[in-house]
Each structure stands twice: as C-alpha cells, then as structure tokens.
Amino acid sequence: MTEHLDSTIGARIRDEYHEMPGMRLTLPQAARLFNLEMTHCARVLEHLVISGALWTNGREFLGANVGRRFV
Numbered sequence: 129m130t131e132h133l134d135s136t137i138g139a140r141i142r143d144e145y146h147e148m149p150g151m152r153l154t155l156p157q158a159a160r161l162f163n164l165e166m167t168h169c170a171r172v173l174e175h176l177v178i179s180g181a182l183w184t185n186g187r188e189f190l191g192a193n194v195g196r197r198f199v
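Under the numbering used here, the first residue of the sequence shown is numbered 129, with each subsequent residue one higher.
Hints in this document: simulated from the structure, not taken from any laboratory.
In this text the structure is predicted, and so the values were computed from the model without any measurement.
Ideal placement from N, C-alpha and C gives every residue a C-beta, glycine not left out.
Mixed in with the good hints there might be a few duds.
[Said to hold, decoys possible] Using C-beta positions, here's what the derived DEER-type ranges look like:
1. 187 to 132: 13 to 21 Å
2. 132 to 185: 17 to 25 Å
3. 177 to 133: 12 to 20 Å
4. 183 to 140: 12 to 20 Å
5. 166 to 136: 28 to 36 Å
6. 187 to 144: 24 to 32 Å
7. 184 to 140: 23 to 31 Å
8. 165 to 139: 15 to 23 Å
9. 167 to 187: 26 to 34 Å
10. 134 to 160: 17 to 25 Å
11. 186 to 132: 17 to 25 Å
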C-alpha cells in the first residue's frame with residue numbers, strides 16, 4: 129500500500145472515531161469494520177496513535193479523549 133492510500137484510510141478511520149466518540153475496537157474488530165488486512169490495519173492504527181488521533185489501552189483502540197483521566 130502506498131503512503132497516500134494509508135493516509136486516506138487513516139483519515140477515514142479517524143473520522144469514524146470522531147463521529148462515534150465512544151467507539152472501542154480491538155485490532156481484529158477494526159480490521160473487519162474497515163475491511164483491511166490485519167497487518168495493514170495495525171500499521172494505520174499505530175500511526176493514528178502516534179499522531180494523537182487515537183490512543184490504546186493495550187487491548188483496544190479508542191478516540192483520543194475517550195476513557196482517559198486528565199489530572
């Protein structure tokens with residue numbers, strides 16, 4: 129997959145999390161929902177975590193501001 133395609137897919141995934149802020153998906157669930165191979169989905173989700181659009185609790189991927197406590 130090209131970097132541009134990854135960027136397009138990443139934008140789609142980010143938008144889905146924005147529209148459904150409480151969405152919590154495991155990697156297999158995200159791969160099925162977004163119709164991606166598991167390794168490709170993992171790469172895109174990891175990029176979104178690094179960029180701050182999503183975060184992970186080690187098991188699920190969540191929107192950046194969902195389920196975190198700010199102290």
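Verification of the supplied hints:
no.	hint	result
1	187 to 132: 13 to 21 Å	violated (30 Å)
2	132 to 185: 17 to 25 Å	violated (30 Å)
3	177 to 133: 12 to 20 Å	holds (19 Å)
4	183 to 140: 12 to 20 Å	holds (18 Å)
5	166 to 136: 28 to 36 Å	violated (19 Å)
6	187 to 144: 24 to 32 Å	violated (19 Å)
7	184 to 140: 23 to 31 Å	violated (18 Å)
8	165 to 139: 15 to 23 Å	holds (19 Å)
9	167 to 187: 26 to 34 Å	violated (18 Å)
10	134 to 160: 17 to 25 Å	holds (18 Å)
11	186 to 132: 17 to 25 Å	violated (30 Å)
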